[in-house]
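Asks: So the protein sequences, as listed, match chains S and L. Using this note's numbering, the letters of the first sequence map in sequence onto residues 3 to 312. Using this note's numbering, the letters of the second sequence map in sequence onto residues -10 to 543.
The reader is advised that the hints may include incorrect statements.
Claimed, not checked - Simulated restraints on C-beta separations:
#1 L:Glu307 / S:Met195: 31 to 39 Å
#2 S:Gly32 / L:Lys452: 47 to 55 Å
#3 L:Asn42 / S:Thr249: 49 to 57 Å
#4 L:Leu13 / S:Thr249: 26 to 34 Å
#5 L:Thr406 / S:Met195: 36 to 44 Å
#6 L:Leu528 / S:Val26: 49 to 57 Å
#7 L:Ser401 / S:Ile148: 14 to 22 Å
#8 S:Trp167 / L:Asn109: 37 to 45 Å
#9 L:Ser74 / S:Ser70: 25 to 33 Å
#10 L:Val395 / S:Ile148: 18 to 26 Å
#11 S:His50 / L:Ile373: 48 to 56 Å
#12 L:Val220 / S:Gly32: 50 to 58 Å
#13 S:Ile148 / L:Ile380: 24 to 32 Å
Derived by calculation from the structure, the hints in this document are not laboratory data. Only a predicted model underlies this, so the values are computations on that prediction, with no experimental measurement involved. For glycine and all other residues, C-beta sits at the position ideal for the given N, C-alpha and C.
Okay, here's what each chain looks like letter by letter:
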Amino acid sequence: MYKIIPLRKIWLSLSAILVTLSIVAIAVWGLNFGLDFTGGSLLELKVHNQEVNNTEIKEALEPLELSSLVVQSTENDTVILRFQDNTENIHREVIGAIEDSYGIEEGETADGQASIEELRFDSVGPSIGEELKNKSINAMFLVLIIIVIYISLVFKKVSKPVSSWKYGIVAIIALFHDIIITLGVFAVLGEFMNLEINTPFVAAILTVLGYSVNDTIIVFDRIRENLLKQLDNFAKTVNISVNQTITRSINTSTTTLLVLLSILFLGGESIKEFILALAIGVLIGTYSSIFLASPLLVVWNDFVNKKKED
Amino acid sequence: MKKITWNRLLKPSQKGKRRWIFVLVLVFAVLSFLIAGGSYYNQAASWAKEASNNTVNLPQVQEKPFRLGLDLQGGTHLVYQADVSEVPEGGRDEALSGVRDVIERRVNVFGVSEPLVQVNRNASGDYRLIVELAGITDIDEATDMIGDTPLLEFKERPEDFDPSQIESSQIEIQPETDGTATSTATTTATTSIDLSQEDINSPIINIQDQANDYENWENTELSGKHLKRSVVQFNPTDNSPEVSLEFNKEGSELFAEITEENIGSPIAIFLDGYIISAPRVNEKISGGQAVISGNFNLEEAKTLTQRLNAGALPVPIELVSQKTVGASLGAQSINTSLQAGILGLVLVALFLIIYYRIPGLLAVLSLAIYGLTVLAIFKSISLILALLMVIIIIGLMIYTFHDLKVFDSILSILLITIGIFLFIYALKPVTLTLSGIAGFILSIGMAVDANILIFERFKEELKSGKSLGQSIDEGFSRAWPSIRDGNISTIFICLVLMFFGTGSVQGFGTTLFIGISVSMFSAIVITRTFMLMVKSKYLNKKPWLMGISNKYSK
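Model the full structure from these sequences, guided by the hints.
Replies: Spelled out as structure tokens, the structure:
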């Protein structure tokens, strides 16, 4: 039997440290919001039969006075341009300016000659980005409220020794723990690897919410079941329950991570940030259901008991 | 003899019932495969036919493709903000559907296979038009055209026009009187009501090519800006739908002039260069109020008013967001991600088989059926097949829960909800985007989880000394509350995503919802049926095949 509850101080401290570090990371570096939220344009170009370099492109675009222009080369000879302006006219002027600078005539596609292929152009108005942010936050709060209500209802029958709403609150604490740490990791990755937060990231966070709650509920379910059999020692019962479900928790996250990691390392470029967020969230979610949620229940119960004794 | 067989069929023993359900599950699996992988079956059928020199003649099934989102097949996603400040509050929805109609027609010029033009009204009352052009990435021309304000023109026949070319129809325009329609001598006129109407035999359309000939008409000074509004109304004498026009002051004068000059001949109304109506003028119409009447039905009258209003009401639209995905980028992404996903699944299958042995193998089979079912639901299925699939899924679930003695009212509400949603999604294709596929992959994870929960419980029961049969029963009925509570909370999240999310988030919620719903069926019904089928005295003696140590042998 693993000493999960007896060693609860270690696990809880570890979680506290991780959460603190994450909050510091978010506070210091901020979250690297992408186009979907900030508004602006992203233009991905492939230049055929011509060496491209970032300074040349920047120089070519200077007369257009684009605000906060970033030029970035990626693998496979593609260049990504980002700028705040988002009108169709600017888009055309940018393409025109680059074509001029490489002496490309419009519509020319003869073999061996330099030409530009536009792989992607995304532009988002600032109002849309703001709206998306609000919508995402609303959706998340709605999910949280539903989860608390649902857990309180499900655990109504087992209100001793810990009342049912406390299960809900502990599950939510575990959720915040998971989300804060995931965001913290993205703050670090955003700073050092320029990883961005876009709409798919919101879907990922919501999935992590679901996964983490699912995981926590399964441990709680076992606690509930065991509590109906014996009531003598809450801490002991919780430890038994966690041990009974730990194989399942680890096996399930192993299988989920097997799929996620293969997509992360071998899959398409465009969903990497999404999959990474999912993988981190699943990992933290598994940790929190074993090492945070159940120990917290015990700590809370001890705290209430001590108060009664005083 | 016969009677005994019937009795066996109608009142089967416990074992017989299991066999029946097993057969039903197999039928279901074949059905799902034929829908999800129709092309593979057809290839195999053709191959069998050739290989056996036409002796094996399997029927071919209908192949339906998946509907891929823009990010997978490449294309352009445009969002326009509509400025409705000059349209009165009540008429905005109507005005926007007029604009939508115009844009749809403009987009059709590009030959996009399934253009999507949607009106979206957000919480703060802003109207957005979402235009998706699959397969088109060079959109300079498209954005120019879509952004233009619709142009409504009133035209008349040039003086040298040969009137013998006009064919007959029954649309006419007349002054609006106080409720009593004056029926002046009804001469004939030409018109075209529905531009997209494909019925070549309709007299209305016969005329269209000729009437549409822009050259044959001459511009008048009257245009959309003179038209105040157009509404559908009903003729007080015979209750037939008509379309009324109301001009502003300048428009009234122009209209009176034009009608005076054109008594006996048609005037044509063009929207974006397409003729939308060409009623014949019977008399001079002054006062700025007119009615177009004829043999159109309510729907046609509505369309005509919408079109007239689209040209009359100023609803300027502005491009606020655009996304272009090159087809190559999308295709590359989908292929690598798909391969990676399949590799991941193979690893999961290996893990399950190595760790859980026989139950693991059964779970892999059950998950394969699960995958086929979900893919089948992603495609559009015919009404009868969809109904059949959903009835089998829900019916077998109710039966199994009943058997496990866990069926209650909450569960029946859940099953009905799932049934209705699955049925709806089975009928219409689910658009697959990258995040939608991610939702599907995650749901596979959850389906695996349900199996793992059951097997862990099953192993615990086996270790506590119970027989194989008892352990199977206990394993399922004890794992169920955990599966239920976990899945219901995820289903709630999916519903929030489906109804409050946008675009990709919505797609993710939809596929995850379908996946989780089917995952319960797969774990509780299919895996259990398989487990009950392989249950035998032999396996009772070989606990290592069940993934536990041989010391638990009985």
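Asks: With reference to the structure, classify each hint as holding or not holding.
Replies: A quick look at each hint next to the structure:
1. L:Glu307 / S:Met195: 31 to 39 Å: Holds: the Cβ-Cβ distance is about 36 Å, inside 31 to 39 Å.
2. S:Gly32 / L:Lys452: 47 to 55 Å: holds (52 Å)
3. L:Asn42 / S:Thr249: 49 to 57 Å: Taking Cβ atoms as reference, asparagine 42 of chain L and threonine 249 of chain S lie about 55 Å apart, which means the hint holds.
4. L:Leu13 / S:Thr249: 26 to 34 Å: Check passed, 33 Å falls within 26 to 34 Å.
5. L:Thr406 / S:Met195: 36 to 44 Å: holds (42 Å)
6. L:Leu528 / S:Val26: 49 to 57 Å: holds (56 Å)
7. L:Ser401 / S:Ile148: 14 to 22 Å: With Cβ atoms ~21 Å apart, the hint holds.
8. S:Trp167 / L:Asn109: 37 to 45 Å: holds (38 Å)
9. L:Ser74 / S:Ser70: 25 to 33 Å: holds (31 Å)
10. L:Val395 / S:Ile148: 18 to 26 Å: Since the Cβ atoms of valine 395 of chain L and isoleucine 148 of chain S sit about 23 Å apart, the hinted range of 18 to 26 Å holds.
11. S:His50 / L:Ile373: 48 to 56 Å: Taking Cβ atoms as reference, histidine 50 of chain S and isoleucine 373 of chain L lie about 52 Å apart, which means the hint holds.
12. L:Val220 / S:Gly32: 50 to 58 Å: With Cβ atoms ~54 Å apart, the hint holds.
13. S:Ile148 / L:Ile380: 24 to 32 Å: holds (30 Å)
Consistency with the previously given hints is maintained throughout, with no hint failing.
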